[in-house]
Amino acid sequence: MSGDDAAGSAKRDPAELIRQVASGDRVAFAELFVLLAPRIKAYLVRLGSDPASAEDLAQDVMISVWRKAPQFDPSRASAMTWAFVIARNRRIDSLRREDSAVTYGHVPPDVEAETLLADDIVAGLQGDARMREAIDELPADQQEVIRRSFFEDEPHSAIAVALNLPLGTVKSRLRIAFTKLRSRMKDFQ
Amino acid sequence: MTNPQIAGETPTPRHHPSPETLASFAAGTMRSGFDVVMSAHLQACAECRAEVAQFEQLGGHLITEIDPVALSESALAATLARLEEPSRPPPPRTAGGLDQLLSGARRRWVAPGVWAARVDTPSHHDDRVFLLRVAPGATTARHTHAGAEFTQVLEGALDDDGVIYRAGDFVELGEERTHHPKVHGSDACLCLFATEGRLVPTDLIGRIAFAIANV
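Residue numbers (the numbering used here), protein chains in the order written: chain A, 1 to 189; chain B, 190 to 404.
Since the hints were made in silico from the structure, they are not lab data. Positions of the beta carbon are idealized from the N, C-alpha and C atoms, including for glycine. Don't take every hint at face value.
What the hints assert, rightly or not - Reference listing, derived: stretches of chain B covered by chain A, where coverage requires no fewer than 3 residues with Cβ under 8 Å from a Cβ of chain A: (1) 200-210; (2) 246-260.
As the list claims (entries may be wrong) - Covered stretches of chain A (in silico footprint by chain B; criterion: 3 or more residues with CB under 8 Å from a CB of chain B, positions within the stretch not fixed): (3) 24-37; (4) 47-60.
The shape of chain B in the complex, shown without the other chains (with noise of 0.2 Å):
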């Protein structure tokens, strides 16, 4: 699949993540999952990886006024008989990017013209990180979420009550609230998403679609 943001050829990004939640990003405290769709965002914005970059000399400030604790007696000797050790290797993680996570994504078709997948990341049990493409003329299911929804726009564009949102924006929704986003223009749209509790389908379609491919 090929992947305009990637290539670069995605205009500049319009709709970005609040000031707050970039900074939960910087911070490292953001829900294991949302950070998923945040780096998304990150790869096609210069803009908001500028300010990640701010609030971490924010954290960097903030380290160094914070009240030393101290450690052991030995603490230093033992760090320092550890210095030659081989490395652990770090947890699997973004060698492919984006890329990588489309690639394996393992779709389900929920209804013509639009597929889900499941992204695999140790995020809350009840949050959902997925993957939804849905084509054009095809609607989303009316649905309701309990808490908070990211959304990063891959390919194509939305439209979600009148803002339209293309490849490269980021959506966020605070808190509960039922929408019914549509695809908008004549290209599929590709969007990941990241939801705080399982999705509420609100009519009998979505519950079906929801139920087969389990998000």
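One chain only, chain A, in its complex shape (with noise of 0.2 Å):
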């Protein structure tokens, strides 16, 4: 592959794709990866990974994609978000593999979301576009300590030396934009 940004002109629906990966088709993961791989790698960087070690953590989670692919349900989940959750689950494995054994820990939420009920889950694309709704109404801001929330290691002390915020302040602020955002995303249901 070219390594440009090829991801944005992606043409195919990525839940699309994952169907097909599903069933074995090495084309339709190439253009998955096309699509996914450089995202992925983006997100781990900014959460302080040194970019060989985001290259192979990218293709580990690319693999998980691969194997996954079978169980993966648009009703339940975008491809989007169903791809964060892959990375992000390999993600906290792989620092934990640097540590001890684990006994207990992270519960994957694609096991836990087993007990959900259909009626708690804003389902797929539709649930999407709500949040991508909510997140745009709150002021930029709040916006920004949102984001830093899930691309910084140490969310709350990165966020207070790189906004030049008392860590309290950030603990506030986070506090008012994630109360709004979840009672935006209530009010659609």
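Now that you have both chains on their own, put them together as the hints suggest.
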């Protein structure tokens, strides 16, 4: 692959690609790789991974995508949310491999989701559109702390340093931003 | 040990993690060890599971918007070549969930009616994750913690400065505070805690108990 920003020009719907990958289609996988891998690498780098490790881990994530594709259920989550959860969990696993053995830890939400009631879920793409609307309505400074809270390794202190704000201000701004986002998402239901 | 939450007998929890805490769990940036307590709450709380699912949706939105970083020219070919590799077993985790955690707990009796058990997690060195079981009538030590403390009530009820937390409830303390939670009612109270830094008991009994329990 060229490594250019081919992701932006991908023509096919990622959910459709995942369905084809589930039946063993390597061409669809290559297309999905071009769409997802550079975003996953960017996500890992933002979270403090060095570029070489991020590259390796992004490839591991794509192998998980290949293996888990048959479990993808578009009525539960959009393709991008599903990919995000896989990337997040693989990152946590890799951090823990470097650490001690885990006896109990993060409940992998793709398992946990099994216990959700259908009514609890804002399904798939529709939910994504609502999330986009909800976040777009927030003031710019609140959007910024939300974005940083997902993409910084030590979110609170990193945000405080980056935005030159006291830690207490960061915490209260995050609380306000997520509370607003939550209530807007609830309004849509 | 019976676990009423897993049996689904617990009423809907009334005290929940804050939105920013739910979001940090969804983002995968929660301090390791604290996520154990959070997972225990999620096992008991459908409402918070749904909120975490929404914040995961936010994660999906954010990686859609992120500026991509190109991989090397050979990355796709290398990945395609590895697709048929046997999968590495994932790190062992919550097959038995809370039940496994409870049955594996090495209990240390620290006072009549009181036991504590450290929980093994890859947490920061000075952080502590532990179970504490206190019989009715027994008091816990007054203590100060240097940073955040998460508590999930598993059985019985807890009275912290006049607020009653029952099985299924989550108690989130954000910063340094001295407090003296007590058992509420006539049943023993079992809680799962995560604390940032070691607890500092502020009385003699506490110092002895905490030293025995190594919490």
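Hint check results:
1. 200-210: Satisfied; 3 residues make the cut.
2. 246-260: holds (count 14)
3. 24-37: Per the Cβ count (6), the hint holds.
4. 47-60: Holds, because 6 residues of the segment 47-60 of chain A bring their Cβ atoms closer than 8 Å to Cβ atoms of chain B.
Hint compliance for this structure: no hint is broken.
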